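Engineer: Chains as they are written, first to last, in the working numbering: chain A, -2 to 96; chain B, -2 to 96; chain C, -2 to 96; chain D, -2 to 96.
Honestly, the hints are just simulated from the structure, not real lab data. Here the structure is a predicted model, which means the values were calculated and not measured.
Result set (PhoX-like, lysine-lysine): computed pairs, CA atoms no more than 25 angstroms apart in a straight line:
hint, chain 1, residue 1, chain 2, residue 2
1, B, K79, A, K36
2, D, K79, B, K79
3, D, K19, D, K36
4, A, K79, C, K79
5, B, K19, A, K36
6, A, K36, A, K19
7, C, K19, C, K36
8, C, K11, A, K84
9, D, K84, A, K36
10, C, K36, D, K11
11, D, K79, C, K36
12, B, K16, A, K36
13, B, K19, B, K36
14, A, K84, C, K79
15, A, K11, C, K84
16, C, K11, A, K79
17, A, K84, D, K36
18, C, K19, D, K16
19, D, K36, C, K79
20, B, K11, A, K36
21, C, K36, D, K84
22, A, K11, B, K36
Non-contacting residues of chain B with respect to chain A, defined by C-beta distances greater than 12 angstroms in every case (computed):
hint, residue
23, V73
24, Q74
25, G75
26, G76
27, E77
28, K79
29, D80
Every residue, glycine too, gets a C-beta built ideally from N, C-alpha and C.
There are 4 protein chains.
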Amino acid sequence: MSEQDHQHGYIDSKADYLKRLKRIEGQARGLQRMVEEEKYCIDILTQVSAMTRALQSVALGLLDEHLNHCVVDAAVQGGEEKDIKLKEASDAIARLVRS
Amino acid sequence: MSEQDHQHGYIDSKADYLKRLKRIEGQARGLQRMVEEEKYCIDILTQVSAMTRALQSVALGLLDEHLNHCVVDAAVQGGEEKDIKLKEASDAIARLVRS
Amino acid sequence: MSEQDHQHGYIDSKADYLKRLKRIEGQARGLQRMVEEEKYCIDILTQVSAMTRALQSVALGLLDEHLNHCVVDAAVQGGEEKDIKLKEASDAIARLVRS
Amino acid sequence: MSEQDHQHGYIDSKADYLKRLKRIEGQARGLQRMVEEEKYCIDILTQVSAMTRALQSVALGLLDEHLNHCVVDAAVQGGEEKDIKLKEASDAIARLVRS
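This is chain A alone, in the form it adopts within the complex:
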């Protein structure tokens, strides 16, 4: 199954991911307002942690969809495509765990 025929796992929840990323964009603007208004450091840090968790949950969702679709399709296909997809998934997981 070539890259083009394959539909990425997250497409079915595309609207939801766009909504969540829009909210995260809003959080980034909110942080700028807090710094602009010279709010207390700890209150800004609390918002940064909330935004980090929101990003993390988007990432975990995308990863779950990727495993369920791209990796499963490649596993069934076998061969080099399988190895590439699995290596990509493991590298993405390592980046997430270490960030």
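The hints should help you fit chains B, C and D onto chain A, whose structure is shown.
Structural biologist: Just chains B, C and D now, with coordinates in the frame of chain A:
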């Protein structure tokens, strides 16, 4: 020293924090574009990790400034103000470590 | 393929995982010695971070092997076994990312 | 106040830290047994996450005590000692957040 007289540590680097948060806002928009254009999951995850690290470094900077100013001022002042500030700092650190 | 016939991915590198976990056990003892000898907090924290990273890399290795064997086998098998294995993998990844 | 006169913050809870680290050492041995007995990867990963969280909470405890004692003492003392202690604390926090 009351909350108002005290200037938060990050104020001296306010412009820099605003610039970095503006960039993070741009990354949030970039992620929306990638999802809109149905880009490959792994490429989106790579950007999410980059954005998470950018947020993390803003948080570590704010925390360092908070320790160097708000916590030091309170330590010198002593008493309840010191205890409050230290508890706030430890809780903020825990949130960061666990997010 | 039932649980028993299936050999877990990590078995081929069993000796390596045992060696790494043995070293981590040694790090835990080393931390106890540092506390016993009332070493400086920051030096102890440096060792805790090193031990955390060692644990993290064992986890990422096990996860990679799990994806490459258990999840791939289940993906090929399809059906409920696939869904169970994928859910387990995603939950394990979430625990790692959030710890 | 020289390094020797100063008592590190965690000394008052030394027995508790030794107990927690002893338990973490036991978890490391438990993981070796699970690998030895070729337990299921996901079950091992669950234990690794639990051990990581236990380590994290030891680190956050030590850091809190360090701030409350070593950093506060240095803040009151002021000058170079203060700057050194604050830099050490921020670097330790960054290592924890990034591990």
